[in-house]
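Peer 1: Residue numbers (our numbering), protein chains in the order written: chain A, 1442 to 1662; chain B, 6 to 227.
These aren't lab readings, by the way, just hints derived from the structure by calculation.
Glycine residues also receive a C-beta, built at the ideal position from the N, C-alpha and C atoms.
One or more hints might be untrue.
[What the hints assert, rightly or not] Output of the computed footprint for chain A on chain B, the stretches with three or more beta carbons under 8 angstroms from beta carbons of chain A:
| no. | stretch |
| --- | --- |
| 1 | 31 to 40 |
| 2 | 66 to 77 |
| 3 | 82 to 94 |
| 4 | 130 to 140 |
[Said to hold, decoys possible] A partial selection of chain A residues facing chain B, derived with a Cβ cut-off under 8 angstroms:
| no. | residue |
| --- | --- |
| 5 | Thr-1504 |
| 6 | Pro-1505 |
| 7 | Phe-1512 |
| 8 | Ala-1563 |
| 9 | Tyr-1628 |
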Amino acid sequence: MIRQFGLGEFVFLLEGARWTIVLSLLAFTVGGALGLAVALRRTSKWKMLRFIMAIYIQMFQGTPLLVQLFFVYFGLPLLGFKVDVWVALTIGLSLHTSAFLGEIWRGSIQAVPAGQNEAAQALGIGYVHRMVDVVLPQAFRIGLPATISFLVNLIKGTALAALLGLTELTRSGQLMANITFQPLQVYGAGSAHLFLHLPTPDLLQCTDRTASPRRAVIKNT
Amino acid sequence: MNYTFDFAPVVSAWPMLLQGVLGTLRMSSLSMVFGLSLGIVFMLMRMSKQAGMRAIAIGYIEMIRNTPILVQVFFVFFGMPAIGIRLSGEQAAILAMTLNCAAYAAEIVRGGVQSIRPGQIEAGRALGLQTRDIYRFIVLRPAIRAVYPALCSQFILLMLNSSLVSSVSAEELTYFAQTLDLQTFRSFEIYLTLGVIYLLLSQFFSIALGVIGRVYFSYPAK
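All chains should be built: construct the whole structure from the sequences, respecting the hints.
Peer 2: Below is the structure:
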């Protein structure tokens, strides 16, 4: 029997969206932490460290996300780790995120005027405090738009989980298309993704607004 | 880790991988050309004086930019037959990638067009150029030159994203790799090789696009 594409089917899609959100959040948190480490190594004094990180970033920017996910998914069992699909996906997406955010944040760290860093050094502030209290807060504001647009890309990237068999938004769409034989409506509803993304530009404006007054203060004093 | 690596099945399947590379190159270059052309059309609509045109273009661009390319590919391949448009895997892949690329290209080129100062266009008009020539030589070409690096990275991203169309049986690199995987079960070696090939392909595209840019945008210092 062929089912109609009704409310129940739409709710099934939304349940898939839960995985999309969980995966994105996990990947963004873990990948963000790793990305910060990558960005700091990328701007470090040691040439070797910068070089290694450049290769790391190039590796992830030069291959498709799908291949990276396949690689982690099939590669981990070879190293003796038996992991669930979602763990493999989280690891793959986090590594991907770390490389991209690392490069974005490297750019924003370098965009902070060198005088800030030098002044902090002249005041005798150590590396950790120089970064945490002086450079990174300013770099954060500069890198914010690019970070959010990468976040949008990341949420879209979780759609690839469907190809590894995790029932997130796109996979539940495939299932529904098979059950209802109404792929047009189902994939049209797959634009539920759109609703996940629409808040992000608002978020961007909002954070921009909260960030600007501080920038004004810095300029005036 | 007690796993013996065996690249022999991958190496002996090189004709298949080569066919895949050619497929990827063909589909992504076609989508880049079509996508840029369609993108320029959408850019013109986006900057048009009529509110209706603008609304259509904004709606389209937001729709494409905020949904995953995988969903777009599925929509074209599985969804469009419902309204009577039946495409082969490769046609669907090219169409989906073109539509995707067009939205991004429209936004990127719009950035370039906005960087053209009005004085340039007025100067063109003062020299008696036709509107068409003003658009072509004074607006579009310098605009694309200004945003060429961004456009290139978008193109390379498109090439990498073309790995997704293997899911609708378009015969490109990932499709053949998956076929090979099913035949030999050497997953790790195959996807490692695949990663290396994509890395080389993206380097190739970045060099090739750089050369095209240098030849086409070398004015006025020629």
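Peer 1: Are any of the numbered hints broken by this structure? If so, which, sorted upward?
Peer 2: Checked against the structure, the hints that fail are numbers 1, 4 and 8, while the rest are satisfied.
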